[in-house]
Amino acid sequence: MVNIKENSIKYIFLLSGLLSIFILLGIFYLLFSNSYPALRDVGIKAFFSRGYWNPTAYSVPQYSILNLIKGTFMVGAGSLLFVVPLGVACAAYLAEVAAPREREIFKPVIEILAGIPSVVLGFFGLVVVAPLLSRIFGLPNGINALNGSILVGIMALPTVISLAEDAISAVPQEYRHASLALGATRWQTLKNVTVPAALSGILAASLLGMGRAIGETITVLMATGNALADPSSFLDSVRTLSANIAIEMGEVPRGSLHFHSLFVVGLVLFLITFIVNLLADIIFNRYREGV
Amino acid sequence: MTSDKISNDKISKYHKEKVAFWGLRISLFTVLIILGVILCDIAYKGLGVISWEFLTRPPRAGMTAGGIFPAIVGTFYVTVLAAFLAVPLGIATAIFLNEYAQKGKLTRIIRISLRNLAGVPSIVFGLFGVALFVQKFGFGASLLAAGMTLGLLTLPVTVTAAEEALKTVPQSYREGGLALGATKWQMISTLVLPPAVPGMLTGVILGLARAAGETAPILFTGAAFFLPFLPASPFSQFMALPYHLFILATQHHDISTVRPLAYGTALVLLVLVFVLNLGAIVLRYRFRGRFQKGK
Numbered sequence: 065m066v067n068i069k070e071n072s073i074k075y076i077f078l079l080s081g082l083l084s085i086f087i088l089l090g091i092f093y094l095l096f097s098n099s100y101p102a103l104r105d106v107g108i109k110a111f112f113s114r115g116y117w118n119p120t121a122y123s124v125p126q127y128s129i130l131n132l133i134k135g136t137f138m139v140g141a142g143s144l145l146f147v148v149p150l151g152v153a154c155a156a157y158l159a160e161v162a163a164p165r166e167r168e169i170f171k172p173v174i175e176i177l178a179g180i181p182s183v184v185l186g187f188f189g190l191v192v193v194a195p196l197l198s199r200i201f202g203l204p205n206g207i208n209a210l211n212g213s214i215l216v217g218i219m220a221l222p223t224v225i226s227l228a229e230d231a232i233s234a235v236p237q238e239y240r241h242a243s244l245a246l247g248a249t250r251w252q253t254l255k256n257v258t259v260p261a262a263l264s265g266i267l268a269a270s271l272l273g274m275g276r277a278i279g280e281t282i283t284v285l286m287a288t289g290n291a292l293a294d295p296s297s298f299l300d301s302v303r304t305l306s307a308n309i310a311i312e313m314g315e316v317p318r319g320s321l322h323f324h325s326l327f328v329v330g331l332v333l334f335l336i337t338f339i340v341n342l343l344a345d346i347i348f349n350r351y352r353e354g355v
Numbered sequence: 025m026t027s028d029k030i031s032n033d034k035i036s037k038y039h040k041e042k043v044a045f046w047g048l049r050i051s052l053f054t055v056l057i058i059l060g061v062i063l064c065d066i067a068y069k070g071l072g073v074i075s076w077e078f079l080t081r082p083p084r085a086g087m088t089a090g091g092i093f094p095a096i097v098g099t100f101y102v103t104v105l106a107a108f109l110a111v112p113l114g115i116a117t118a119i120f121l122n123e124y125a126q127k128g129k130l131t132r133i134i135r136i137s138l139r140n141l142a143g144v145p146s147i148v149f150g151l152f153g154v155a156l157f158v159q160k161f162g163f164g165a166s167l168l169a170a171g172m173t174l175g176l177l178t179l180p181v182t183v184t185a186a187e188e189a190l191k192t193v194p195q196s197y198r199e200g201g202l203a204l205g206a207t208k209w210q211m212i213s214t215l216v217l218p219p220a221v222p223g224m225l226t227g228v229i230l231g232l233a234r235a236a237g238e239t240a241p242i243l244f245t246g247a248a249f250f251l252p253f254l255p256a257s258p259f260s261q262f263m264a265l266p267y268h269l270f271i272l273a274t275q276h277h278d279i280s281t282v283r284p285l286a287y288g289t290a291l292v293l294l295v296l297v298f299v300l301n302l303g304a305i306v307l308r309y310r311f312r313g314r315f316q317k318g319k
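Protein sequences, first through last, are from chains U and H. Residues are numbered in this note's numbering as their position in the first sequence, beginning at 1, plus a constant of 64. Residues are numbered in this note's numbering as their position in the second sequence, beginning at 1, plus a constant of 24.
Quick caveat, the hints were computed from the structure, so don't treat them as lab data. Treat each hint with caution, since some may be false.
Straight line, CA to CA, 30 Å or less: simulated DSSO-like cross-link-like pairs of lysine-lysine [what the hints assert, rightly or not]: (1) H/K208 x U/K74; (2) H/K42 x U/K171; (3) U/K134 x U/K109; (4) H/K37 x U/K69; (5) H/K191 x H/K208; (6) U/K255 x H/K127; (7) U/K255 x U/K171; (8) H/K129 x U/K74; (9) H/K37 x H/K127; (10) U/K171 x H/K40; (11) H/K37 x U/K255; (12) H/K129 x H/K191.
For the chain H half of the interface with chain U, some residues (derived, Cβ under 7 Å), not all of them [as the list claims (entries may be wrong)]: (13) S51; (14) C64; (15) A67; (16) E77; (17) G143; (18) I147; (19) A248; (20) P252; (21) A273; (22) V297; (23) I305; (24) V306; (25) R310.
Note that the Cβ used here is the ideal one computed from N, Cα and C, for glycine as well.
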């Protein structure tokens, strides 16, 4: 009797553990099955050949998502350019230089930054960063890829800081002691021993930050201008994969070809972030085994 | 090498260190300044709009006047619904991973799924919500569909925090319980769970804060542009603070007139999310000390 109860409780917990696998598979399955009509009628090639995204064109609808992918990576890579150096510097300070007291204060503050809702950041980009950029670069408005990169970067910063800090803290104490005993200063130790030893963890942190930046929706939707043209610089307006879904999903008739082609966009976005996250995961695990 | 040279070298070496550490410190201050500017701008321009009427009345005159009451209530409802899904599931998953699961392929796959779930873009959760809850389950665009979507979105946060809480319970509690002849579930339910509850609560609150601030997953699963009344049932559409701010900031026909209202909405949303986050942080700090003192 006791055994039956114990076992059934165990299986209930097992089931809920399995659920996260089902949800992930379910997301993939539903994205794919809803994409399928579009992939069948338009063809995969149409999504990845040169051209524009314009499924509602009166004469010849176009489904190319190349400009969207380009916009997505511009915003993602642009944000990494300043987030990785800034984030790693903050992490190094928190892990190696700051007094325990300082750490106790600053870590929750960084968490507060992580808690700012994306729509509030987007709003800030619209009303503060955009006018600033337009003044600096002499543009009619500051709603462009640069603005998106800055905001998405702010969004990814806490992720990068906290993961990079974990990676730096995880470097065994002996490494530091050996370096200090050889006469190196704490800075030389940090620069030449600790950070290089934590490099794969830092790389994983950056990849996860990139994953967040690529998947972010509302902030980029509000800050990048969402033009469909082929962007030539960071001062051009861009539209990302995520923003494209957010803009068009609300107005598209359910079940239409346009509706299903938006799921294709979602599927591509899902696959890109999935690969980025998986890569981060692999690097992270290998590095943990290594230390 | 003269002793003079050596001490010169030392000075420049430690001089360098000082400069470098200040460089790192300045990077951290840069981040803090960014945070400060964002918070001050919103607080400064939003405070003037906040009034009793703003908090307790629906929008009027094509959303150019009045308050945000339905949006506050809508966000509250949808967050509670998300919690109903995420909290039991998240805690159960954490119990499985920390107490029952053996090291092996299955556990690894579950962990990888959770980590990847945490990385799924929120707009993709929105699409999933449309395909599953709105269409397949037939909930329509509704509080229920949006709440379930947000619940799944916050699941990884809840699991991670609940697991951390379980990990802080000393192994000796478990061994003691089993040694006294308790079954595994008796041991978990009477010895492991009670001390882990505050830590789990932290995770729940963090998850809720995240759910309350999300816009993308509710865009097509139930959030409404404007409703003068409160949602009547789980199957009604609803107004929500993040979506309302999005509308006021970008979609309204008279953006400059409603800008102060947008600031007010942003401030209310920020305060809501911060109160939740702060609660979680305070709870965690008080909780962390417990086992360390008892050791």
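A quick look at each hint next to the structure:
About 9 Å separates the Cα atoms of H/K208 and U/K74, which keeps this hinted pair within 30 Å; it holds. Between H/K42 and U/K171 the CA atoms are separated by roughly 23 Å; this keeps the pair inside 30 Å, and the hint holds. Distance check on the hinted pair: U/K134 and U/K109 sit about 17 Å apart at the alpha-carbon level, within 30 Å; holds. Restraint check for H/K37 and U/K69: not satisfied, since their Cα atoms lie roughly 67 Å apart, outside the 30 Å limit.
A distance of roughly 16 Å separates the Cα atoms of H/K191 and H/K208; the hinted pair therefore holds under the 30 Å criterion. A hinted pair counts as satisfied when its Cα atoms are at most 30 Å apart, and U/K255 with H/K127 does not qualify at roughly 36 Å. Restraint check for U/K255 and U/K171: the C-alpha separation of about 22 Å stays at or below 30 Å, so the hint holds. Among the hinted pairs, H/K129 with U/K74 is consistent with the structure: their alpha-carbon atoms are about 18 Å apart, no more than 30 Å.
For a cut-off of 30 Å, the pair hint linking H/K37 to H/K127 is broken: about 48 Å separates their Cα positions. Restraint check for U/K171 and H/K40: the C-alpha separation of about 26 Å stays at or below 30 Å, so the hint holds. Only pairs whose Cα atoms come within 30 Å are accepted, and H/K37 paired with U/K255 is accepted, the gap being roughly 13 Å. Taken as a hint, the H/K129 and H/K191 pair is honoured in the structure, with Cα atoms around 21 Å apart against an allowance of 30 Å.
Interface restraint check: H/S51 against chain U, minimum CB-CB distance 4 Å, threshold 7 Å, status holds. Annotation: H/C64 was flagged as interfacial toward chain U, and the flag is violated, the nearest CB pair being 11 Å apart, outside 7 Å. With a cut of 7 Å, the hint placing H/A67 at the interface with chain U is violated, because the nearest CB-to-CB distance is about 11 Å. Because the beta carbon of H/E77 sits about 22 Å from the nearest beta carbon in chain U, more than 7 Å, this interface hint is broken.
The beta carbon of H/G143 is positioned within 7 Å of a beta carbon in chain U (closest approach about 4 Å), and the interface hint is therefore held. At its closest, the beta carbon of H/I147 sits 4 Å from a beta carbon of chain U; the interface hint therefore holds under the 7 Å criterion. The interface hint given for H/A248 is violated, since its Cβ lies 11 Å from the closest Cβ of chain U, which is over the 7 Å cut-off. For H/P252, the shortest C-beta to C-beta distance to chain U is roughly 21 Å, which exceeds 7 Å, and the interface hint is violated.
The closest approach between the C-beta of H/A273 and any C-beta of chain U is roughly 5 Å, which is under the 7 Å cut-off, so the hint is satisfied. Hint on H/V297 holds. Least Cβ distance to chain U is approximately 5 Å, under the 7 Å limit. Checking H/I305 against chain U: minimum C-beta separation of about 5 Å stays under 7 Å; hint holds. Contact between H/V306 and chain U, as hinted, is not supported at the beta carbon level, the nearest pair being about 9 Å apart and thus beyond 7 Å.
The criterion of a C-beta within 7 Å of any C-beta in chain U is not met by H/R310, whose closest approach is roughly 13 Å, and the hint is violated.
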